[in-house]
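Keeping the supplied structure of chain A fixed, place chain B upon it in accordance with the hints.
Top to bottom, those sequences are chains A and B. The numbering used here puts the first residue of the first sequence at 7, with every later residue one more than the last. The numbering used here puts the first residue of the second sequence at 7, with every later residue one more than the last.
It is worth saying that the hints were derived from the structure and are not from the lab. There may be inaccurate statements among the hints.
One copy or any two copies: either way a pair holds, since identical chains are not told apart in the list.
[Said to hold, decoys possible] Listed next, the in silico BS3-like pairs over lysine-lysine satisfying Cα-Cα at most 25 Å (straight line):
| no. | residue 1 | residue 2 |
| --- | --- | --- |
| 1 | K363 | K44 |
| 2 | K44 | K372 |
| 3 | K118 | K98 |
| 4 | K98 | K277 |
| 5 | K96 | K118 |
2 protein chains.
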Amino acid sequence: MDVVNLDQISFKPLLAEVKAAMINAINQDYFNPSSQHKRGEQAAEVLDAARRSVAGLINAAAAKEVVFTSGGTESVNHAIKGVAMANAEKGKHIVISNIEHNAVIRSVRRLKSMGFRVTSVSVDDKGRVNPRDIAEAITDETILVSIMHSNNETGTIQPIEEIGKITREKKIIFHTDAADSVGVVPIDVQKLGVDLLSFAANTFYGPPGVGGLYIRRGTRIYPLLDGGVQEHNKRAGTENLIGIIGMGAAAQVASARLDQWVAHCQGLKDKLLAELPDAIDEYIINTHPVHSLPNMVSISVQYIEGESVMLMLDDDDIAVSTRSACATGSLRASHVLISIGLSHADAQGTLVVSFGKDTTEDDITKFLTSLKEVVTTLRNISPLYNKVSNSTA
Amino acid sequence: MDVVNLDQISFKPLLAEVKAAMINAINQDYFNPSSQHKRGEQAAEVLDAARRSVAGLINAAAAKEVVFTSGGTESVNHAIKGVAMANAEKGKHIVISNIEHNAVIRSVRRLKSMGFRVTSVSVDDKGRVNPRDIAEAITDETILVSIMHSNNETGTIQPIEEIGKITREKKIIFHTDAADSVGVVPIDVQKLGVDLLSFAANTFYGPPGVGGLYIRRGTRIYPLLDGGVQEHNKRAGTENLIGIIGMGAAAQVASARLDQWVAHCQGLKDKLLAELPDAIDEYIINTHPVHSLPNMVSISVQYIEGESVMLMLDDDDIAVSTRSACATGSLRASHVLISIGLSHADAQGTLVVSFGKDTTEDDITKFLTSLKEVVTTLRNISPLYNKVSNSTA
Numbered sequence: 007m008d009v010v011n012l013d014q015i016s017f018k019p020l021l022a023e024v025k026a027a028m029i030n031a032i033n034q035d036y037f038n039p040s041s042q043h044k045r046g047e048q049a050a051e052v053l054d055a056a057r058r059s060v061a062g063l064i065n066a067a068a069a070k071e072v073v074f075t076s077g078g079t080e081s082v083n084h085a086i087k088g089v090a091m092a093n094a095e096k097g098k099h100i101v102i103s104n105i106e107h108n109a110v111i112r113s114v115r116r117l118k119s120m121g122f123r124v125t126s127v128s129v130d131d132k133g134r135v136n137p138r139d140i141a142e143a144i145t146d147e148t149i150l151v152s153i154m155h156s157n158n159e160t161g162t163i164q165p166i167e168e169i170g171k172i173t174r175e176k177k178i179i180f181h182t183d184a185a186d187s188v189g190v191v192p193i194d195v196q197k198l199g200v201d202l203l204s205f206a207a208n209t210f211y212g213p214p215g216v217g218g219l220y221i222r223r224g225t226r227i228y229p230l231l232d233g234g235v236q237e238h239n240k241r242a243g244t245e246n247l248i249g250i251i252g253m254g255a256a257a258q259v260a261s262a263r264l265d266q267w268v269a270h271c272q273g274l275k276d277k278l279l280a281e282l283p284d285a286i287d288e289y290i291i292n293t294h295p296v297h298s299l300p301n302m303v304s305i306s307v308q309y310i311e312g313e314s315v316m317l318m319l320d321d322d323d324i325a326v327s328t329r330s331a332c333a334t335g336s337l338r339a340s341h342v343l344i345s346i347g348l349s350h351a352d353a354q355g356t357l358v359v360s361f362g363k364d365t366t367e368d369d370i371t372k373f374l375t376s377l378k379e380v381v382t383t384l385r386n387i388s389p390l391y392n393k394v395s396n397s398t399a
Numbered sequence: 007m008d009v010v011n012l013d014q015i016s017f018k019p020l021l022a023e024v025k026a027a028m029i030n031a032i033n034q035d036y037f038n039p040s041s042q043h044k045r046g047e048q049a050a051e052v053l054d055a056a057r058r059s060v061a062g063l064i065n066a067a068a069a070k071e072v073v074f075t076s077g078g079t080e081s082v083n084h085a086i087k088g089v090a091m092a093n094a095e096k097g098k099h100i101v102i103s104n105i106e107h108n109a110v111i112r113s114v115r116r117l118k119s120m121g122f123r124v125t126s127v128s129v130d131d132k133g134r135v136n137p138r139d140i141a142e143a144i145t146d147e148t149i150l151v152s153i154m155h156s157n158n159e160t161g162t163i164q165p166i167e168e169i170g171k172i173t174r175e176k177k178i179i180f181h182t183d184a185a186d187s188v189g190v191v192p193i194d195v196q197k198l199g200v201d202l203l204s205f206a207a208n209t210f211y212g213p214p215g216v217g218g219l220y221i222r223r224g225t226r227i228y229p230l231l232d233g234g235v236q237e238h239n240k241r242a243g244t245e246n247l248i249g250i251i252g253m254g255a256a257a258q259v260a261s262a263r264l265d266q267w268v269a270h271c272q273g274l275k276d277k278l279l280a281e282l283p284d285a286i287d288e289y290i291i292n293t294h295p296v297h298s299l300p301n302m303v304s305i306s307v308q309y310i311e312g313e314s315v316m317l318m319l320d321d322d323d324i325a326v327s328t329r330s331a332c333a334t335g336s337l338r339a340s341h342v343l344i345s346i347g348l349s350h351a352d353a354q355g356t357l358v359v360s361f362g363k364d365t366t367e368d369d370i371t372k373f374l375t376s377l378k379e380v381v382t383t384l385r386n387i388s389p390l391y392n393k394v395s396n397s398t399a
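Bound-form chain A, shown alone (with noise of 0.2 Å):
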């Protein structure tokens, strides 16, 4: 089944690299890294490596400071349960935004049920955050602030390194959801200002699944799995050694190449939206006109379906989403397009278009030939389409 996959942000192709990594550690069959015997320390070399690797891409001061995960949603809920334990006794106050991944804002629900305060900032029309807000918003009880680097339906970027001057002034301990950004953008934590930072391999071409926290040294936070003394105290649990060894491959590659990523994808990108009139009108463009990642799109087309959209592209063999892969099957309409000011209409009818290194000019022409029709078809039968119309024929 050859598809062409516009659904990047839900799922990225492995690079040739990570498999052969993989498919080594498969065959090599490492030992458990913590055991004390030559073939566990053999495996604990490994494991290290990978863990520089990661540190190198997001540019910590020490590898030890990279916690691995089972991913973005498994970082996320660490660093933000994992420091409301840690430091309730200072406060129980928390500040994130409106338009956070579900893992932050179940995270803090979660965290509401057991007395903790939670304050979330609004964002403007394109969905930025003003970090005079968040300056704003905390108060002697705050313990965290948690604001994502980059939006996973809008590819909207958030100003952190602002946010982090400030949570720094006042010594309240900040983590920024970056699983949509590392691999994606460059990422720097000791520039950002970041205590922590969630991750995931997916995102930069390492398998799913498999992701990574960074905890800065001296940050005050308590293990989400206890048990064993894996990963520096940090994070109970034998090892997913063979898809840790896939992100540290992962990262190896994407240090390297990211400049070349960025400029390919956001040609693609400039190509889309340049494009996008001679296809479609009546649509609305979601994402940030500077600040936004350069790999997705969020199109609102006004009277119809977005579902409708994705499946009939899927039909010609299209891959893209409706909204976040974690959301599916959710009927509400998405919080973020709420967030934004979008009606409930407008954020049914979204498309996230995401791209990767190997996406061709091609397949951004393909997309935008097969969406004109599909838009065409379905609001030919739409009822509110032709009632708009009408009124303005």
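Only chain B this time, still in chain A's reference frame:
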């Protein structure tokens, strides 16, 4: 490096079928199973097939009672913390035993700091819990009983079915940590009468860092990882599909070959126990003579350090462990061995010899030959041993 792996409690080599399935998964580049287009649906089908295989291995009534996790530790944390948080209004009392894995002990310790009370039941000198003690420990406030199926340091198997009868009658949620049992001995969640059961893929020659939690339909439990709607809303986060496919393949093979594996390991265990007196004297067997796993033996060699034995065997290319790999680096004597009545000195002299389907009689003979030499060498330089020898001479 060709090593005799008698540390299979820490790491088992992957089955050929597991390697093939994982390599195929890597090459297939499956999409995100949550995506709604056809490539997403294809991935969802693969995920479901793995779930059915794993459910079959533990005889779950429905495949969706199996939740995929990042391993035994996550499963245990999920079970204990998830039940505690979801049932706190009913009561805040939990019953465990003194010999649980650190994942259990540290999870309940975390809960203690949140106001939960824990009763830890002692075990007899072969490490077995008395079901009557569990019945007596249960109060009106008890919301959870968590007793491991088999112990990872001694191999002793607990009377889970009898405890299950008690918890069912008293309508209390019952979790068993079966991380060292599933795939080693037959496990039937329906027969055991447990509500929750934790397991890990590497125990049955699947990949490390992959596991599952059986959650009986209707069990009141919160997720540990909050976020997306994956795993029927029970465990958020993009799935480690490559690892899960590996676990599915391992479960399928284990279901077919378990009887054969049990017989093979039992034969090696019998041989080891029968020939050990010819190799060394003055040792204690910590493994229960009847109720224990077929694939391991815990031996406390008196008057010497287990770690020295382990390192000298390692020089002979024989891998064994002195205790749980998860506790490596901890200097304290094993709580499990102290709980069954060993002195600190004897606990420090403990070796765990664990084997698998590929272990040969020759491996056992090599181990015994090497052990004999090592123990002789170490006792010759042991002041404690010479003192005891002289006083009894």
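25 Å Cα cut-off: does K44 pair with K372 within a copy, between copies, both or neither? Answer is between; shortest inter-copy Cα gap is 18 Å, intra-copy 54 Å.
Since the copies are identical, ignore which copy is meant and state whether K96 and K118 lie within 25 Å (CA to CA) inside a copy, between copies, both or neither. both (16 Å within a copy, 19 Å between copies)
At most 25 Å between CA atoms: does that hold for K118 and K98 within a copy, between copies, both, or neither? Result: close both inside a copy and across copies, 9 Å intra and 19 Å inter.
Given a CA cutoff of 25 Å, do K363 and K44 count as a within-copy pair, a between-copy pair, both, or neither? between (40 Å within a copy, 22 Å between copies)
Is it within, between, both, or neither for K98 and K277, if the alpha carbons may be no more than 25 Å apart? Answer is neither: 47 Å inside a copy and 59 Å across each miss the 25 Å cutoff.
In this structure, only the earlier hint numbered 4 is contradicted, and the remaining ones agree with it.
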